[in-house]
Amino acid sequence: MKLSVYSLKEILFEGDALSVTCATDGGEITVLDQHEPLIATFKPGILKIIDTEHNDHYIPTGKGFIEVTAENTTRILADETPQVTNN
Amino acid sequence: MFQLIKQRMKGAQNISQITKAMELVAATKMRRSQEIAIHSRPYAYTALDILRTVAALEKEEYTPPLFTERAVTRTAIVLITSDKGLAGSFNSNVIKKFEQFVREEKISSKENYVCIAVGKKAHAYLEKQGYTILQSFVRAGDFTTPEETRPIAELLGKLYSEKTADRVLVFSTHFRTALAQETIAREILPMRAEMLTRTINNIVPEKGKYSELRSKGQETESKRKSRNLLIEPAPAEVLESISAHLLHMELYHLFMEANASEHAARRMAMKNASENAGELVQTLTITYNKLRQAAITKEITEITAGAEALAG
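Line order of the protein sequences matches chains Z and E. Residue numbering for the first sequence is 1 to 87, as defined by this note's numbering. Residue numbering for the second sequence is 1 to 312, as defined by this note's numbering.
Same shape as in the complex, but just chain E:
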């Protein structure tokens, strides 16, 4: 009996040590990825704003393929999750959001949907559900680099311009604060002014650093439409390279946010785990001490009873 409880105590103690270490690791990683995500915000904001300007342009001359809307029959879906688990509800929230979308759209046949899985968890889920997985991007590491997201952006651009997909949806997690992350479904292709505005509003933080960008964006909104824009050297070339590059940047930014969220979620999960393990150790220690005391009392009673019997 004692041995059993002692073993469990030791186990719980080990767990709490491991989870505490993981919490610290996740906290450091979170701080770094948060820094990267936040530093890329002015860039991402400007990139999206330029895209929005281009999207709002008069469509007479030339519309780059990524801006052309058409009737939707085939949809490409990108699920951004992590490779590793133990991150609380981080991955399941993305999947839940996706399932909610499936219910709302009343998807009966999975034929018209192609999926791109980012992270092992998304891959495992989509495979189990029987969706067509076009490509999986796994082992991206803790901090995604622009080089790693480039193939994904290129793939999406190609899917859209070759009309394999008529729209592209991304399910990912947005890093609001270290304690609050939000899963958001975004339609990133075709690029439309309203959708870009929504994404911009998501990127610009509610308060603190860079929050001043939020009001700035709204001011210029009305002036945007009525102007002549000089595009050099040739509109077609420039717009095409801009839209491809900025699509990449938008995607990269979503990845950065997802990275930061993953580490934040893991930190919280590990923090809770260490606390629970600590509580468990405490209750086990109390039980152990009580049992030990009871055993001692019993032994003493037996000895005194025996001694009295002998004396008597």
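Bound-form chain Z, shown alone:
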């Protein structure tokens, strides 16, 4: 499936992926190929993406939205992760 992950500042991921896992407000879901259309909100956390070469990508995000369309496209809009300070 085609996956794009956007934050306001940058494109976090764009390309083909086998699966994406994220913690929605209703529980953790994994979106695979040909998933049925879906809109959900998710909590701050880490997105796990497996791309077509079976490489794992871990992307920390703030809260956001995930949309799966009937055309096998998944789009994720994520807030910036809150800045972590070391002090």
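Just so you know, the hints here were simulated from the structure itself, not pulled from any lab data. A hint or two may mislead.
[What the hints assert, rightly or not] Capping the alpha-carbon separation at 20 Å, the derived lysine to any residue pairs in SDA-like fashion look like this:
1. Lys97/E with Arg167/E
2. Lys9/Z with Leu230/E
3. Lys2/Z with Asp25/Z
4. Lys9/Z with Glu35/E
5. Lys63/Z with Glu154/E
6. Lys158/E with Lys97/E
7. Lys2/Z with Leu230/E
8. Lys9/Z with Glu147/E
9. Lys43/Z with Ala244/E
10. Lys9/Z with Thr75/E
11. Lys43/Z with Arg32/E
12. Lys9/Z with Arg32/E
[Said to hold, decoys possible] A short, non-exhaustive set of chain Z residues, derived as facing chain E with CB atoms under 7 Å:
13. Lys9
14. Ile11
15. Leu38
16. Leu77
Using N, Cα and C, we set each Cβ at its ideal position, and we do this for glycine too.
Starting from the known structure of chain Z, fit chain E onto it as the hints suggest.
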């Protein structure tokens, strides 16, 4: 006489130095805000596209308040301008667009209109014209952050869902290129599929980076209607939080575009000002030199005439 011209020359020179500096500052700021605006475009595009999907949904189950249309009696108007002047026609274009709207709608009483001013210029204008200003957002700075636009989005959402306003119009400037900006009036509430499509087409640039999104959006248009959408966990909650968040994002994007446009407009204005000052210096220098030469010639003539008179 000499002193006067010299003073004016100095003045013009100083002006050209200042305007040149301002031009450089505006150019740097423009580049930065342009970058921010352009980087937020994929996000804004996707956000609006999701909104459009939601707006096109079958309305049987649940319609979030921000999508519900109703008869218009009261209108909320948002004017997005800058705090600072010296930006050419940037602010006056927004105001002109608004005045044109006032003429077209044949607004006689200002009672049914509440205004939200963004930027000191909008505030000053609306106050002078006697509109009800609900709230003013000034001193937003050169680069608007999502935190700064959040209260505005919340206010608009509240106005609409509490039925204080039946529609919300935003007058703002769209950044097309560094040389061309366009003032656009948008109806952002209620959220309607057609209006969102229009905004999307505005956001997606005509050419260059991200322009491929333009054709992509049109392809999926026809398939959009006929599908079942799973909304998790509960449609009401999700749709409400989505519509509120995405309204904020839409507004934020409009601000980014306005920021970039402001700096671009200021850069152009300052560039023109420096050029004019340069021309002025040139003409003044020529006048000064001519006068000086004339004075010298006159003195020499007097001396030679005096010498000849003595010799004679």
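Quick rundown of the hints versus the structure:
1. Under the criterion of a C-alpha separation no larger than 20 Å, the hint pairing lysine 97/E with arginine 167/E is consistent with the structure, at around 18 Å.
2. This hinted pair does not check out: lysine 9/Z and leucine 230/E have alpha carbons roughly 28 Å apart, beyond 20 Å.
3. Between the alpha carbons of lysine 2/Z and aspartate 25/Z the distance comes to roughly 23 Å, so the proposed pair goes past 20 Å and is violated.
4. At most 20 Å may separate the alpha-carbon atoms for a hinted pair to count; lysine 9/Z and glutamate 35/E meet this at roughly 9 Å.
5. Under the criterion of a C-alpha separation no larger than 20 Å, the hint pairing lysine 63/Z with glutamate 154/E is consistent with the structure, at around 18 Å.
6. Between lysine 158/E and lysine 97/E, the direct Cα distance comes to roughly 26 Å. Violation of the 20 Å bound is thereby established for this hinted pair.
7. Of the supplied pair hints, the one linking lysine 2/Z and leucine 230/E holds, its CA atoms being roughly 19 Å apart against a limit of 20 Å.
8. Note on lysine 9/Z and glutamate 147/E: the hinted pairing holds, with a Cα-Cα distance of about 14 Å set against a maximum of 20 Å.
9. Taking the CA atoms of lysine 43/Z and alanine 244/E, the gap is about 16 Å. The hint holds against a cut of 20 Å.
10. Restraint check for lysine 9/Z and threonine 75/E: the C-alpha separation of about 33 Å exceeds 20 Å, so the hint is violated.
11. For the proposed pair lysine 43/Z and arginine 32/E, the alpha carbon gap of about 31 Å is over 20 Å, so the pair is violated.
12. For a cut-off of 20 Å, the pair hint linking lysine 9/Z to arginine 32/E stands: about 12 Å separates their Cα positions.
13. Look at lysine 9/Z: its Cβ gets to within about 6 Å of chain E, closer than 7 Å, so that hint holds up.
14. A least Cβ separation of about 6 Å between isoleucine 11/Z and chain E falls short of the 7 Å threshold, and the interface hint therefore holds.
15. Hint on leucine 38/Z holds. Least Cβ distance to chain E is approximately 4 Å, under the 7 Å limit.
16. Annotation: leucine 77/Z was flagged as interfacial toward chain E, and the flag holds, the nearest CB pair being 6 Å apart, inside 7 Å.
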